[in-house]
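Novice: One letter stands for each residue in the lines below.
There are 2 protein chains.
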Amino acid sequence: MSIKFQLKASVLAVALASLPWMSAQAADEPIQPIEPVKEINLALSELGKKLYFDPRLSRSGFISCNSCHNLSMGGTDNLQTSIGDKWQQGPINSPTVLNSSMNLAQFWDGRAADLKEQAGGPIANPGEMAFTHTLAVDTLSSIPGYRREFRLVFGEDGVNIDKITSAIAEFEKTLVTPNSRFDHWLLGDQDALTATEKAGYELFKNSGCAACHNGPAVGGNSFQKMGLVQPYQTDNPAEGLSAVTGKDADRFMFKVPTLRNVELTYPYFHDGAAQTLTEAVDIMGRLQLGRKYSAEENAQIVAFLKTLTGDQPQFMLPILPPSVDETPVPRPFD
Amino acid sequence: MSIKFQLKASVLAVALASLPWMSAQAADEPIQPIEPVKEINLALSELGKKLYFDPRLSRSGFISCNSCHNLSMGGTDNLQTSIGDKWQQGPINSPTVLNSSMNLAQFWDGRAADLKEQAGGPIANPGEMAFTHTLAVDTLSSIPGYRREFRLVFGEDGVNIDKITSAIAEFEKTLVTPNSRFDHWLLGDQDALTATEKAGYELFKNSGCAACHNGPAVGGNSFQKMGLVQPYQTDNPAEGLSAVTGKDADRFMFKVPTLRNVELTYPYFHDGAAQTLTEAVDIMGRLQLGRKYSAEENAQIVAFLKTLTGDQPQFMLPILPPSVDETPVPRPFD
Ligand code: HEC
Ligand code: HEC
Ligand code: HEC
Ligand code: HEC
Ligand SMILES: [Ca+2]
Ligand SMILES: [Ca+2]
Chain E
1 MSIKFQLKAS
11 VLAVALASLP
21 WMSAQAADEP
31 IQPIEPVKEI
41 NLALSELGKK
51 LYFDPRLSRS
61 GFISCNSCHN
71 LSMGGTDNLQ
81 TSIGDKWQQG
91 PINSPTVLNS
101 SMNLAQFWDG
111 RAADLKEQAG
121 GPIANPGEMA
131 FTHTLAVDTL
141 SSIPGYRREF
151 RLVFGEDGVN
161 IDKITSAIAE
171 FEKTLVTPNS
181 RFDHWLLGDQ
191 DALTATEKAG
201 YELFKNSGCA
211 ACHNGPAVGG
221 NSFQKMGLVQ
231 PYQTDNPAEG
241 LSAVTGKDAD
251 RFMFKVPTLR
261 NVELTYPYFH
271 DGAAQTLTEA
281 VDIMGRLQLG
291 RKYSAEENAQ
301 IVAFLKTLTG
311 DQPQFMLPIL
321 PPSVDETPVP
331 RPFD
Chain L
1 MSIKFQLKAS
11 VLAVALASLP
21 WMSAQAADEP
31 IQPIEPVKEI
41 NLALSELGKK
51 LYFDPRLSRS
61 GFISCNSCHN
71 LSMGGTDNLQ
81 TSIGDKWQQG
91 PINSPTVLNS
101 SMNLAQFWDG
111 RAADLKEQAG
121 GPIANPGEMA
131 FTHTLAVDTL
141 SSIPGYRREF
151 RLVFGEDGVN
161 IDKITSAIAE
171 FEKTLVTPNS
181 RFDHWLLGDQ
191 DALTATEKAG
201 YELFKNSGCA
211 ACHNGPAVGG
221 NSFQKMGLVQ
231 PYQTDNPAEG
241 LSAVTGKDAD
251 RFMFKVPTLR
261 NVELTYPYFH
271 DGAAQTLTEA
281 VDIMGRLQLG
291 RKYSAEENAQ
301 IVAFLKTLTG
311 DQPQFMLPIL
321 PPSVDETPVP
331 RPFD
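Protein chains in written order, with the UniProt record's numbering: chain E, 1 to 334; chain L, 1 to 334.
With the rest of the complex left out, here is chain E (with noise of 0.2 angstroms):
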């Protein structure tokens, strides 16, 4: 089977390609350790980060990027759908930002090819932020803190929406989670894990999640078909890639999602529809690989799924500038 030998192919070249710090143990996994980041520029992400928490980025005031996105919540809402502007059910699951920078594009379809091209999407989405970038750039022109702080941070005056999504960006950049107890395995300390924990990585190993789930961020590289063997069966009417391609070949692919801190990231899949991990991990078994896990071995797979939780963003949580008389008032009800 092609798709079969090209994922081989894939976990393969994941393994060649194992970075010269790590210890022989994790050169030879198809999982490698989060690397620290590095080359951050710290002004420009202490911006970000303020604004990704800005409410103001959004037509009525109230809705920032740490709403779908909470950082006291794994990066994300735990919500099947999220809620946007007015209350609006939003038509997909809300992905998690953290490590979110490893992601070979963004969104379940990868219709953004970075970050900085994703940020610019939620402010102006109707059904997310429903504002515009024009006024998005107006109001945070119109607070002297900001003002200030933009002019610090690129040397120059203005205030315009590619600066903005550069910030966001960088302060995304700082998202990685480091330091599971999956990650300590895998520099060396054999004791990290539990046997329970150990077995249920050697079936995911053996069994072929990680044909699919590999790399640092244990996902991310990839768009495969969701229900490969078997139908996916849903009322969620996104169709993955081929929105993006228009190709037919493409319906139903999504970008595999990052399994880093799956324990914190749920309702699963695009459609939210699995509330727990068992749940994901039996249909992950079944429509992906044929394969009916025993309650035990799905036991297992879910125990070593939790030792990915690393260590979360640590931050203070940032103190916004406060608008003037001339910032536009925000107006939630109109």
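The set of hints was computed from the structure by calculation and includes no laboratory data.
Take these hints with a grain of salt, some might be off.
Remember, identical chains collapse to one label, so a pair may be satisfied in a single copy or spanning two.
Claimed, not checked - As a list, the in silico DSSO-like pairs of lysine-lysine whose alpha-carbon atoms are at most 30 angstroms apart:
#, residue 1, residue 2
1, K86, K50
2, K50, K173
3, K225, K205
4, K86, K163
5, K198, K306
With chain E's structure known, arrange chain L with the ligands on it following the hints.
Specialist: For chain L with the ligands alone, coordinates are given in the frame of chain E:
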């Protein structure tokens, strides 16, 4: 006029109650520096911080205390009236939680005696978090991370609404904002204020504002009639203290809001109708004192009020313990 006499007496009482650690200067003033917080039960407050940020205390799983009292934005939502469950329009402006521990009572009409009594309100308020205390307790009890933390903090098993509100109230006690430029001046730094700001403060004292806005919180310590000299025009049906006492004489008596951080807590008044400080000061002058300030006087008072912005609470964004399979699932769209 008996009300005026009463007001003068209360200023005197505050001046007499000045504390030993104050400079001679502060002791003579109607406003005292914010005292640093003491005797905080740190474990209880840390638990309360998590609860304050946890949207699982709401029916939708989307709204936390921090949604309406955003600690990135002066402890308010900066909206005329709040957005509650299902985007319901709230009846009244959301007051700041900063320094609210100094209030003689909670809410605009004082219907809650203290922060602990207050905290149970919004959880069960159908227009705010729209949950029930039973469901809130069930939700938290299902979460192992919370079960452990409640046990650690209270020295016994079990979660209940009394423990939840105690913890939130303890966290709120930490939300004081000392160290404003005005406090620097009170504590002896003559250069902490500009000439304009000092002129503004003199006007604030001499024309009578300090009769109602006094003490360490510059308000929060009495109920006063809104529209003392001239009636206040508003569409908002709130009638203040009379809703609590049933007395006709208490109609339009509202708790005098703290003016600490008033630069951050726009828009102003219980109906959120005044968008700017300039407008609020003008209305106060005319309606409470029968005095129309010149543009220059108004600007001086506004400049003084902006010196009341203190150090905002600085803390790490809390990381919330994840839900588990047994945790009730939020149903925001039912
Ligand atoms: C109203 C809810 C909501 C808001 C507000 C929101 N997002 Fe999202 N976000 C989503 C949803 C839903 C998706 C998935 C959309 C899709 O794939 O089609 C998403 C996708 C993303 C992704 C892609 C992650 C991945 O793995 O593909 C990133 C990154 C992201 N959002 C960051 C942000 C930033 C930055 C902001 C603020 C500027 C923001 N979001 C505001 C709901 C929201
Ligand atoms: C052929 C590729 C492929 C294989 C094999 C595969 N997965 Fe997946 N996995 C995906 C894709 C694609 C998704 C996203 C599907 C969707 O949301 O519609 C996904 C989603 C998941 C999710 C939900 C993540 C989230 O945040 O929503 C979990 C958990 C998961 N996989 C675990 C596993 C396990 C365990 C195995 C082995 C039993 C496995 N996967 C095998 C491609 C694969
Ligand atoms: C949906 C918006 C909303 C939510 C959620 C909310 N509040 Fe409030 N809060 C308000 C409004 C509006 C008032 C004023 C109500 C009144 O005075 O009648 C208020 C009043 C208060 C007060 C009184 C302050 C004063 O000076 O009188 C405190 C303290 C407070 N809230 C704390 C909390 C806590 C703690 C939570 C979470 C358990 C919370 N609030 C949730 C909107 C909200
Ligand atoms: C007789 C009592 C009284 C006097 C005198 C008084 N105030 Fe007030 N002040 C109040 C009350 C009561 C409110 C709340 C009214 C409401 O919201 O309906 C208030 C509200 C305010 C607010 C809005 C605060 C907020 O957060 O909404 C400002 C600003 C203010 N006063 C400043 C002043 C200034 C400046 C003066 C002098 C010109 C003054 N006040 C004189 C009682 C008084
Ligand atoms: Ca999810
Ligand atoms: Ca206000």
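Novice: Looking back at the hints listed earlier, which ones does the structure fail to meet?
Specialist: Violated: none.
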